[in-house]
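Residue strings, one per chain:
Protein chains: 2
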Amino acid sequence: MAELGAYEAMRTLRAVRRLRPNPIPDDMLHRVLEAATWAPTGGNVQPWRIVAVKDRALKGPIGKLYNDRWINYSKVYRAGIPATASPEARARAERTLKAGDYLGEHFHESPVIAIFCFNPKNMAITDAKQDRVSVVGGGSVYTAVENLLLACRVEGLGCVLTTLLCECEPEVRKVLSIPDPWYTAAAIPIGYPVGRGHGPLIRKPVEQLAYLDSWGKPI
Amino acid sequence: MAELGAYEAMRTLRAVRRLRPNPIPDDMLHRVLEAATWAPTGGNVQPWRIVAVKDRALKGPIGKLYNDRWINYSKVYRAGIPATASPEARARAERTLKAGDYLGEHFHESPVIAIFCFNPKNMAITDAKQDRVSVVGGGSVYTAVENLLLACRVEGLGCVLTTLLCECEPEVRKVLSIPDPWYTAAAIPIGYPVGRGHGPLIRKPVEQLAYLDSWGKPI
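Chains Y and W, in that order, are what the protein sequence lines are.
Residue numbering for the first sequence follows our numbering, starting at 1 and increasing by one per position.
Residue numbering for the second sequence follows our numbering, starting at 1 and increasing by one per position.
It is possible that some hints are incorrect.
Identical chains share a label here; the pair holds if one copy fits it or two copies do between them.
Unchecked claim - Cross-link-like lysine to any residue pairs, in silico, SDA-like; alpha carbons within 25 Å at most: (1) 204 / 60; (2) 54 / 218; (3) 64 / 205; (4) 54 / 84; (5) 121 / 133; (6) 121 / 131; (7) 129 / 181; (8) 217 / 197; (9) 64 / 200; (10) 121 / 132; (11) 75 / 93; (12) 121 / 27; (13) 129 / 73; (14) 54 / 27; (15) 64 / 202; (16) 121 / 168; (17) 54 / 121; (18) 98 / 168; (19) 75 / 182; (20) 174 / 69; (21) 129 / 182; (22) 129 / 47; (23) 174 / 67; (24) 98 / 31.
Treat the hints as calculated values from the structure; they're not laboratory data.
From just these sequences and the hints, can you work out the full model?
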């Protein structure tokens, strides 16, 4: 069988929040991790590491930390659905919340939880002096995260990019023995999908997201 | 011809710094921009925009700003090559610097410069309270950046992720009329490669970048 096309992989990479607890073959996990290594990073320094958590004794506390944060976050999210939302938009938000509830309750059962770590000392943070939140460090981490997600898509594995655990980073670092000066950027549960898994996306069209030459000018 | 495979695209996505000034077909640029729209973002908010700069009158000042920063940065980079570096490592660093010099001198001639913008008000910055530089906002931008780079690879277009222009973000925002509260995360020159373009990568192996269960434990 021919390899899944690059566009096809990107066009059908969904956030899959219902994952089977069944284990993932080692060679498959290796391919997924290797795809992350190919990503570009500032100065080709690759200032990230993955801790691929499979041990139940570690997934337990990580899953508990995640679900606690999800319960708080989902309350805010639910309260934030505008009263003016269309029935379709409301139903979509409710579906996402239900899938999120499932993920929270089963986070610890994911066969693999990939924790992305980074070392800010190995990054040139070019936006450090701007008077707004910094994002540039993420340019040397989330490129690798996206590759890992796309590799999961190729392999037929469900996955979803989560960052809620950053709220309790000190606890996560303790559970996984992550030393200074390494911090956490994402937690990605990976497993075979319970349902259909990947498929069509709901996204804004190019015309809403890209401009030609100057802000607001149609592409 | 079958679509380029997802793994093949990731495995051969190089930083291509020597680009031809020849224009890119509009439909090709549209496909590249559309690939960015498919990326996952926090809450599916897609808090990013691209300004695709083609107008010479705008590329001129953007290119000048970039090259000024590159000249400064490359001095630091050159001085930072360790005296103990192997002849191979030194030669590789010198090749990257020369390619960077070329990019700096020709940045304004790139047929398209994709400026990625983001709105921090539409992001849940879950690491905002941690006592280190924030990166999580980047999780809703650089996933789209990676998709755009991979799409360039599919199309046979050279490209490279740069963030140096974030150092002079106020000037860039002025040139491109980027309003509050939108800021800049990356500038990606895109064009047909002068030389061979994409191809094999130099990256650390999985065994150096991924651990099993706990920090430092071999995968």
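Now the hints, each set against the structure:
no.: 1; hint: 204 / 60; in the structure: neither (37 Å within a copy, 31 Å between copies)
no.: 2; hint: 54 / 218; in the structure: between (48 Å within a copy, 13 Å between copies)
no.: 3; hint: 64 / 205; in the structure: neither (37 Å within a copy, 32 Å between copies)
no.: 4; hint: 54 / 84; in the structure: neither (43 Å within a copy, 39 Å between copies)
no.: 5; hint: 121 / 133; in the structure: both (18 Å within a copy, 10 Å between copies)
no.: 6; hint: 121 / 131; in the structure: both (21 Å within a copy, 14 Å between copies)
no.: 7; hint: 129 / 181; in the structure: both (21 Å within a copy, 16 Å between copies)
no.: 8; hint: 217 / 197; in the structure: neither (37 Å within a copy, 31 Å between copies)
no.: 9; hint: 64 / 200; in the structure: neither (31 Å within a copy, 42 Å between copies)
no.: 10; hint: 121 / 132; in the structure: both (20 Å within a copy, 10 Å between copies)
no.: 11; hint: 75 / 93; in the structure: within (12 Å within a copy, 51 Å between copies)
no.: 12; hint: 121 / 27; in the structure: neither (32 Å within a copy, 41 Å between copies)
no.: 13; hint: 129 / 73; in the structure: between (30 Å within a copy, 16 Å between copies)
no.: 14; hint: 54 / 27; in the structure: within (15 Å within a copy, 44 Å between copies)
no.: 15; hint: 64 / 202; in the structure: neither (30 Å within a copy, 39 Å between copies)
no.: 16; hint: 121 / 168; in the structure: both (21 Å within a copy, 22 Å between copies)
no.: 17; hint: 54 / 121; in the structure: neither (28 Å within a copy, 35 Å between copies)
no.: 18; hint: 98 / 168; in the structure: within (23 Å within a copy, 43 Å between copies)
no.: 19; hint: 75 / 182; in the structure: neither (31 Å within a copy, 28 Å between copies)
no.: 20; hint: 174 / 69; in the structure: within (17 Å within a copy, 39 Å between copies)
no.: 21; hint: 129 / 182; in the structure: both (22 Å within a copy, 16 Å between copies)
no.: 22; hint: 129 / 47; in the structure: both (21 Å within a copy, 22 Å between copies)
no.: 23; hint: 174 / 67; in the structure: within (18 Å within a copy, 43 Å between copies)
no.: 24; hint: 98 / 31; in the structure: neither (31 Å within a copy, 33 Å between copies)
Hint check: violations occur at hints 1, 3, 4, 8, 9, 12, 15, 17, 19, 24; the rest are consistent with the structure.
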